[in-house]
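Engineer: What follows is each chain in one-letter form.
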Amino acid sequence: MTEYIVLSAILFTIGSIGVLTRRNAIVVFMCVELMLNACNLAFIAFARQHGNLDGQIAAFFVMVVAAAEVVVGLAIIMTIFRTRRSASVDDVSLLKF
Amino acid sequence: MEFVKPELEYAELLPLLIVFGGACVGVMLEAFLPRGTRRLPQVGLALVTVVAALVATVVVGMGLDEHAGADGSGGSEGRGLVGAMGSIVVDGPTVYLWGLLLVFALGGVALFGEQRLEGGVSAFTGQAAALPGTEGEREASTRGLEHTEVYPLLLFAVFGMLLFPASGDLLTMFVALEVLSLPLYLLCGLARRRRLLSQEAAMKYFLLGAFASGFFLYGAALVYGYAGSVSFAGINEAVRAGSANHGLLLAGIGLLAVGLLFKVGAAPFQAWTPDVYQGAPTAVTAFMAAGTKVAAFGALLRLLYVAFGGERWSWQPMLWVIAIASMILGAILAIVQNDVKRMLAYSSVAHTGFILVGVLGVQSAGDLAQGQYTSLEGVLFYLTTYGFAMIGAFAIVTLVRDAGGEATAYDRWAGLGRTSPLVAGAFAFFLLSMAGIPLTAGFIGKWAVFTSALSAGAWPVVLVAIACSILAITFYVRHIRLMFFTEPSQDGAGVVTRSSLLTSGTIVVCLAATLVMGVVPGPVLDLVTGAGDFIR
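Protein chains in written order, with the working numbering: chain A, 1 to 97; chain B, 1001 to 1536.
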């Protein structure tokens, strides 16, 4: 059981480090999705450990929410890309301090 | 494993259902009405929906029964019921926050519907898909197109906000968090003017918001691993019973707090606030600044008080640090701004710190002196005063314009008090209320949260809070001096544009609310006290 939790923690860490270091908005967004999937893994592992269904139900909801987030997120990233011909998060710097 | 047919308390959940239904009908209107004729039905639908939900909220609030506690022992006092199979809790604080959110939503609909300021079109872009500066965009603006999708989006966001503080388990809270955030991400990117800034604000808000909700979710998973349940009542029992994996619980609380503190804009998770407040259309900023903060603080209070009440000594020190950081950072960075919207954004970070001072002042009811306000009551009152002042201030920001649209730079506001004393006076009044000058609502709000924190023994935080309040007065007063005692700049000053009744009415209502709550706070304080406590 612990192995799954450790794996999900590793995936979550990879995802959050990716968000902080990658420059392409699409890749940043993929890293966020990786974090959500790490959460799913943790939910399911804990559901097995506790022997109830709450965690598995949660995983279903997270998948639906992640799909909705993709729709909104890709729309926003697409508009930015079409305007600037770049999806780099470094270029989005008109607003600062 | 046996499935139980869910039973919903339709009567008590009516405000939620009305808003959600209204949003869905709005989407249908978008699909079936021709483009030119959509605006009036959409504005009308949004107004009717919000008003109907407000009436339903009042009815629900009048009819709340005493809650007997889950096991019939009357363990937790307060009125309300745990509905939707434990997912939604309708109690006194919930109903109060619902009412507050719906009043702010009403202001939001009014500001969204304003057309006179832009000369007959709304503040939202005519065609979000058209590139800025291209033929398509010019055509859309000459044909007077506009996105009426903003009204259903607003209603969906309101639905998420209503569900957020009412959620009875971590999963519902997560779904509510996303339902409130996703429409706001889109709304932020739809400004008619300065579209690059607006799109950039949307992207920053989205990426950081998604990042923060990832943290929230992992925290939820860890707490579920600790407690074996996602419901707040179950988590509370597990926390009080204690268990071996205490580290799991602490990590979970920390990660959940990151997600919620991001939403309220507390330091060190405040980086998005100024950019999003500045880049988003001002009507959206007004609605978002008030609504998101109210909803997210409601959720934060419920999570910390109901689910983790037994673990108070673990999360209180964390909130001490975050409250102090937010107040200092917000107040100092607001001083160095030269844009009105950014200044208001940083001041909202400072206000988040002040409200957190109230949140960390929680203590058991027995320790309170007679007639003293609990931290929950203080926070609810502060949120009320803050929301009205914020919406009013941002509504005035939409009025001050020059050739390029809204003039938010400081030098455009110089001398505004001479050309338009009424508008500048109203703005000054909102600033004074935010600064917490006596005879305004903000003073009573600060008083309520500071005293509750003080009686809980958090005097170092309260000292910092008072110092930061004084620091905050400097930049509010500096702006007032700029409006009234500075010569207008040579290269053009902002002019107050005549608005329709939608914007001016909102400003007048906010002004009246701020004034009344400052002079006779009794009725609202009674309402807050009557809301009672959270139930489990």
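Hints were generated in silico from the structure; no laboratory data involved. Don't take every hint at face value.
Ranges between beta-carbon positions, derived for each pair [as the list claims (entries may be wrong)]: (1) A:Val-6 / B:Gly-1133: 34 to 40 Å; (2) A:Arg-23 / B:Leu-1439: 47 to 53 Å; (3) B:Met-1318 / A:Asn-52: 52 to 58 Å; (4) B:Ala-1031 / A:Gln-56: 30 to 36 Å; (5) A:Tyr-4 / B:Val-1059: 43 to 49 Å; (6) B:Gly-1405 / A:Val-27: 44 to 50 Å; (7) A:Ile-26 / B:Thr-1134: 50 to 56 Å; (8) B:Val-1059 / A:Arg-85: 37 to 43 Å.
Every beta carbon over 10 Å from chain B, so not counted as near; a handful from chain A, in silico [to be verified]: (9) Glu-3; (10) Ile-10; (11) Ile-14; (12) Ser-16; (13) Met-35; (14) Val-89; (15) Asp-90.
Glycine included, each C-beta is placed from N, C-alpha and C at the ideal position.
Engineer: Are the hints correct? Go through all of them and say.
Structural biologist: Comparing the hints with the structure gives:
Under the hint 34 to 40 Å, the C-beta atoms of A:Val-6 and B:Gly-1133, about 51 Å apart, miss the expected range. The hinted window of 47 to 53 Å between A:Arg-23 and B:Leu-1439 holds, with their beta carbons roughly 52 Å apart. Distance hint check: the CB atoms of B:Met-1318 and A:Asn-52 are about 30 Å apart, inconsistent with the given range 52 to 58 Å. The hint said 30 to 36 Å for the Cβ distance between B:Ala-1031 and A:Gln-56, and at roughly 35 Å that hint holds.
Distance hint check: the CB atoms of A:Tyr-4 and B:Val-1059 are about 48 Å apart, consistent with the given range 43 to 49 Å. As the Cβ distance of B:Gly-1405 to A:Val-27 is approximately 34 Å, the hint placing it in 44 to 50 Å is violated. Hint check: A:Ile-26 to B:Thr-1134, Cβ distance near 23 Å, so the stated range 50 to 56 Å is violated. Range check, B:Val-1059 to A:Arg-85: about 54 Å between beta-carbon atoms, so the 37 to 43 Å window is missed.
For A:Glu-3, the non-interface assignment is confirmed: its Cβ lies about 14 Å from the closest Cβ of chain B, beyond the 10 Å cut-off. Remark: the non-interface label on A:Ile-10 is consistent with the geometry, its nearest Cβ contact in chain B lying 12 Å away (cut-off 10 Å). With a closest Cβ-Cβ approach of about 12 Å to chain B, A:Ile-14 is found to remain outside the 10 Å limit, as its non-interface label requires. A:Ser-16, annotated as away from the interface, has a beta carbon of chain B within 10 Å; the closest lies near 7 Å.
Not every beta carbon of chain B lies more than 10 Å from that of A:Met-35, the smallest distance being close to 4 Å; the non-interface claim is violated. A Cβ of chain B approaches the Cβ of A:Val-89 within 10 Å, the least distance being about 7 Å, so the stated non-interface status is violated. Chain B leaves A:Asp-90 outside its interface by the beta-carbon criterion, the shortest separation being 12 Å against a cut-off of 10 Å.
The earlier numbered hints that this structure contradicts are 1, 3, 6, 7, 8, 12, 13, 14.
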